[in-house]
Amino acid sequence: MSGVPIGIVRFPGTNCDQDVFDAVAAIDGARPVWLWHKETELAGVRGIVLAGGFAYGDYLRAGAIARFSPIMERVIAFARSGGPVLGICNGFQILTEAGLLPGALMRNAGLRFVCREQWLRVDSTATPFSRHFREGQLVRFPVAHGEGNYVADDATLDRLEGDGRVVFRYADSTGETGPLANPNGSARNIAGIADERGNVVGLMPHPDRAMSLLVGSEDGRGVFRGLLEAAA
Amino acid sequence: MTVALRDTPVTPDVVAAHGLRTDEYERVVELLGREPNFTELGVFSLMWSEHCGYKYSRALLSEFPSTGPQVVQGPGENAGAVDVGHGLAVVFKMESHNHPSAVEPYQGAATGVGGILRDVFTMGARPIAMLDSLRFGALDDPHVRYLFRHVVRGVGDYGNCVGVPTVGGEIVFDDAYAGNPLVNAMCLGLIRHDDLMRASAAGPGNAVYVLGASTGRDGIHGASKLASTELSADAAESRPTVQIGDPFTEKLLLEATLELIASGAAVGVQDMGAAGLTSSSSEMAARAGTGIEIDVALVPRREPGMTPYEVLLSESQERMLVVARPDQEAALMAIAEKWDLPCTRVGTVTDDDLWRVLEDGEEVCRIPVAALVDGVPRYVREVEEPPYLAELHARMPGSEVIAGVDPMSALETLLSAPTIASKRWVWEQYDQHVQTNTILGPGPAGAALLRIKGTPGALAVSTDCNGRYAYCDPRRGGALAVAEAARNLACVGARPLGVTDCLNFGNPEKDAVYFQFVEAVRGIAEACRALDAPVVSGNVSFYNESPTGAIYPTPTIGMVGLLEDVETRPRGDGSAGDTLILIGGDGAHLGAGSLLAEVLETVGGRAPAVDLEAERRHAEIVRELVREGAAVLAQDVSDGGLAVAAAEICFGLPAGCGIEVELPEAGGPHGPMFGEDGARYVLVVPAERQGAVRRRLASAGVGWREAGRVTDDGRIRFLGVGERPRAELERRWRNAIEDRMESLEDER
Amino acid sequence: MTARVEVFVQLKDGMLDPQGKTLEHALEALGYAGVEDVRVGKWITFAVDGDSHEEIGRRVDEMCRRLLANTVIERYSYELAEDGR
Amino acid sequence: MTARVEVFVQLKDGMLDPQGKTLEHALEALGYAGVEDVRVGKWITFAVDGDSHEEIGRRVDEMCRRLLANTVIERYSYELAEDGR
Ligand SMILES: Nc1ncnc2c1ncn2[C@@H]1O[C@H](COP(=O)(O)OP(=O)(O)O)[C@@H](O)[C@H]1O
Ligand SMILES: [Mg+2]
Chain Z
1 MSGVPIGIVR FPGTNCDQDV FDAVAAIDGA RPVWLWHKET ELAGVRGIVL AGGFAYGDYL
61 RAGAIARFSP IMERVIAFAR SGGPVLGICN GFQILTEAGL LPGALMRNAG LRFVCREQWL
121 RVDSTATPFS RHFREGQLVR FPVAHGEGNY VADDATLDRL EGDGRVVFRY ADSTGETGPL
181 ANPNGSARNI AGIADERGNV VGLMPHPDRA MSLLVGSEDG RGVFRGLLEA AA
Chain L
1001 MTVALRDTPV TPDVVAAHGL RTDEYERVVE LLGREPNFTE LGVFSLMWSE HCGYKYSRAL
1061 LSEFPSTGPQ VVQGPGENAG AVDVGHGLAV VFKMESHNHP SAVEPYQGAA TGVGGILRDV
1121 FTMGARPIAM LDSLRFGALD DPHVRYLFRH VVRGVGDYGN CVGVPTVGGE IVFDDAYAGN
1181 PLVNAMCLGL IRHDDLMRAS AAGPGNAVYV LGASTGRDGI HGASKLASTE LSADAAESRP
1241 TVQIGDPFTE KLLLEATLEL IASGAAVGVQ DMGAAGLTSS SSEMAARAGT GIEIDVALVP
1301 RREPGMTPYE VLLSESQERM LVVARPDQEA ALMAIAEKWD LPCTRVGTVT DDDLWRVLED
1361 GEEVCRIPVA ALVDGVPRYV REVEEPPYLA ELHARMPGSE VIAGVDPMSA LETLLSAPTI
1421 ASKRWVWEQY DQHVQTNTIL GPGPAGAALL RIKGTPGALA VSTDCNGRYA YCDPRRGGAL
1481 AVAEAARNLA CVGARPLGVT DCLNFGNPEK DAVYFQFVEA VRGIAEACRA LDAPVVSGNV
1541 SFYNESPTGA IYPTPTIGMV GLLEDVETRP RGDGSAGDTL ILIGGDGAHL GAGSLLAEVL
1601 ETVGGRAPAV DLEAERRHAE IVRELVREGA AVLAQDVSDG GLAVAAAEIC FGLPAGCGIE
1661 VELPEAGGPH GPMFGEDGAR YVLVVPAERQ GAVRRRLASA GVGWREAGRV TDDGRIRFLG
1721 VGERPRAELE RRWRNAIEDR MESLEDER
Chain S
2001 MTARVEVFVQ LKDGMLDPQG KTLEHALEAL GYAGVEDVRV GKWITFAVDG DSHEEIGRRV
2061 DEMCRRLLAN TVIERYSYEL AEDGR
Chain U
3001 MTARVEVFVQ LKDGMLDPQG KTLEHALEAL GYAGVEDVRV GKWITFAVDG DSHEEIGRRV
3061 DEMCRRLLAN TVIERYSYEL AEDGR
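Protein chains in written order, with this note's numbering: chain Z, 1 to 232; chain L, 1001 to 1748; chain S, 2001 to 2085; chain U, 3001 to 3085.
It is worth saying that the hints were derived from the structure and are not from the lab. It is possible that some hints are incorrect.
[Said to hold, decoys possible] Okay, derived cross-link-like pairs now, DSS-like style, lysine-lysine, Cα gap no bigger than 27 Å in a straight line:
| no. | chain 1 | residue 1 | chain 2 | residue 2 |
| --- | --- | --- | --- | --- |
| 1 | L | Lys-1338 | Z | Lys-38 |
| 2 | U | Lys-3042 | S | Lys-2042 |
| 3 | S | Lys-2042 | S | Lys-2021 |
| 4 | U | Lys-3012 | U | Lys-3042 |
| 5 | S | Lys-2012 | S | Lys-2042 |
| 6 | U | Lys-3042 | S | Lys-2012 |
| 7 | Z | Lys-38 | S | Lys-2012 |
| 8 | U | Lys-3042 | U | Lys-3021 |
| 9 | L | Lys-1338 | S | Lys-2021 |
| 10 | U | Lys-3021 | S | Lys-2042 |
| 11 | L | Lys-1055 | L | Lys-1510 |
Fair warning: this is a prediction, and the values are worked out from it, not measured in the lab.
Can you build the whole structure from these sequences, using the hints too?
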């Protein structure tokens, strides 16, 4: 099988690995490659996705244990060297625990796991993963998480907004980003953010579950096309 | 303490404490040719319990049809399986975890999900969906809210963590379940035919391994009962019977098990569920016609000082029993290592047909496998119809009482009754989408629809049961549960492939309960025959009683069906101008129905009569019209009759749409609006398809009438009766449960 | 008086503690040898006023049994201190 | 020596604690007046051996910073005791 190798990290307890694998495989020119958490080499992948799920059961804190897996040293180095890294849901939580993205994801304000179709407003197209959207465009990805409540101190939040690093915000079908559209209490309705250089992005909603109208939305394709182009 | 336990003499009280009747004990002595020792007694009491041995139900369950060209695996294995074409089969089963959930709702529900998942992946199938069928008392009782809240959390947290979507289910709130909630979980898995693994301990000389979690004193009921009499209070304290779920370990166990089955690293695999090591090892030997020898000293423990009795009877979760050939051991160990799971050799398959247990080589049990597994006594008895039924049937409100009910406010009451209202508050706590197969999840339709990747087809699945029907008319109730499931499938264009069941009843030693069971089973058998839905797996849960009496008999049906071409699924996009077609004629039957229960707050009358021929023909025609796209949306008429069905259709239409329903001139509106007569559907038909639909219905000789239309005025109107703004009714329906659950915590 | 209350909740002995077990492995993997018997419980703190130490103690114990601990599977203990604020 | 360790983890002041708030409301609903400032944290206990009290202390502190607490949002404290088993 040919194509640009995109690594999908499998931690014990990752459960969206196959979904992400399928999403990557659905993009012409991309080739999904498994990265086992115990490995210490990246096998030449050009982009990396940390998939959703419950690595180590989310025990103690979501992402807390996974971020110490052997593979993560390589992932961190790859990210620091500018390689495209996407963290979806649990992957986002792991990226914050690993310090690749600022802030933290706390228990949902409603204290309940929440799974629903969710509208997002694209606030920055300056990352590989959002460049195929228009600024202000509404996209629909499902959310499914119990610890998606994004928190950071005001200084950090201001910096994120100032630098255009808030990539996705929870919105309603009209684009309103008020509390009613916020599924988990996240600060300023933040659903996804980028690091300084934009090559590392984490988001709670699932573009990997939005790859076909048959299951509700195909808005996720743009995210993975962008990943491929950045990796190529 | 442990010594005391091990050497406890087997006195009549000890036998009684183990729930064995004297004649059963004599049978044990006869089969052994001697008195059992304490450990052996515990083993028999477990294997001969209803839960493992089905002594009251087995004989009757054989009345179920269980064969058919599509059946790949019928009853007898961990789960049943039916063919879905393209070399694939669906493995499915339903299981109850009622009592554990009553004691500890969160862990009880969680471990219930864990158990049914293992039943499915033990067979080599990857679990692709869960459904949960739940019963609670009324939500105004804080303890019921506590149970409900934590059961839902338990179901969600476990399935979400393992990564299996919960795509459907049902929930009923009724005082009949106040002291005894029901938690039934159904799991579906997908597998290639040739990967199907049977749980047999074949090949004398092969080794037996325990894979997964270590063994603690979880769920040792017999022992704990004993403990409370023989041990000091605090010692009893330290013998938990509540099992704690570990979904993370389950996920590892799932992946490891599928990998070792796919790579041919095992001869047989069996999950260690109820009765743990004892039933798993003896049943595997029984299936293979071999013997088995286990040394409990080799079983990894979580706690010190466990006796053979405790190790054998422990119900610790997330464990598998694996049988492998010597040449498979290396591969097996490598897989266990990869997934960080302990895998320990604990015994050997033998050819002496004996179930032998050693402790450090010293024999503690020596029982013929056949005695344990096939020796189970079977009880069948003739019982008469209990008098309560005649009284119930007579207790039907008079027509003047019914006539006094204001139809529109009755509709408001029905839509905001938690049993009928939207279950959104529940299923939003469940991951409905992981694995990306969910075309229709909870909510939109009575049945869920899942694509089967790599094929053009989709699976439809629904769980259904109306316990009130079964209480008023056990036989009809059993049949109607099957019929409703089939209707839900027809509404998404699917035809039935097979059925699993979870038969929840009271104490079968009581004649009334036994009668309910016998009749419900017959009703299910008749309906499954008529609708070509063989029963391939199931579960029986007796003794669902509380001080306030037995629960409603609740034979929950889980039906799996196939939509060959996913492109023929209902579009669900009705719009103003579409016509409502009522199939199956107008309703008249209010007995045992929702109007009585929720509005008049009384239970009485008979359940709706069952016409299986009509069910079959109507399901057939609905299926065809849906597949042809002639009906963009189909809804079966069930709880709350045509009125509720019409309202639920309206809530699924684009904002702004309303619905207008015509009622027959003659007679009052109550029968037509709220009647729950069977074999009925409402179809939404676009203008341009109406001619075709009329012709098809006429030629099919199916009773039907035009019942109204989709409007653009955002109102729900029953001509000649009254109307309400859709938004107002929808708000009641959508928020009924959430409003009652507002406070975030309740006292236990 | 106002008291600062600390409530400690933990699974009963013998109960499987999946979090503790997983955490124990994680600590070992991080190179912390000789860590054993890890258990993850709850630590709940609050301020409450009442007439006396005893009266508050009785009330807190009741709160634990009714809400703060799940006594079917958990045991609890608590400490009271005069509020020094 | 072997030490029994107790680690206490709690959200930093100023971070609002929905779980604590919920319990506060629930306690009030159950009729417990005058309960305030409820916070729900973690109580992690384990046994660990090492050369000295100090050495163990250093190690436990490191465990907390690296794994047991997320210092972006949480603060921690711990106590060591000679293992009396
Ligand atoms: N406990 C539950 N878990 C998940 N989904 C549920 C549950 N209870 C009800 N649902 C979903 O809500 C919808 C309505 O349920 P129900 O009223 O039983 O449908 P029907 O009456 O058509 O069988 C269905 O899609 C069902 O799957
Ligand atoms: Mg139903």
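So, going through the hints one by one against the coordinates:
1. Lys-1338(L) / Lys-38(Z): Holds. Lys-1338(L) to Lys-38(Z) sits at ~9 Å (cutoff 27 Å).
2. Lys-3042(U) / Lys-2042(S): This hinted pair holds, its Cα atoms lying about 5 Å apart.
3. Lys-2042(S) / Lys-2021(S): Distance ~16 Å between Lys-2042(S) and Lys-2021(S) Cα, so the pair holds.
4. Lys-3012(U) / Lys-3042(U): Holds, at about 13 Å.
5. Lys-2012(S) / Lys-2042(S): Holds. Lys-2012(S) to Lys-2042(S) sits at ~13 Å (cutoff 27 Å).
6. Lys-3042(U) / Lys-2012(S): Distance ~16 Å between Lys-3042(U) and Lys-2012(S) Cα, so the pair holds.
7. Lys-38(Z) / Lys-2012(S): It is violated: about 34 Å lies between the C-alpha atoms, which goes past 27 Å.
8. Lys-3042(U) / Lys-3021(U): 16 Å, holds
9. Lys-1338(L) / Lys-2021(S): 18 Å, holds
10. Lys-3021(U) / Lys-2042(S): OK: Lys-3021(U) and Lys-2042(S) at ~15 Å, within 27 Å.
11. Lys-1055(L) / Lys-1510(L): 15 Å, holds
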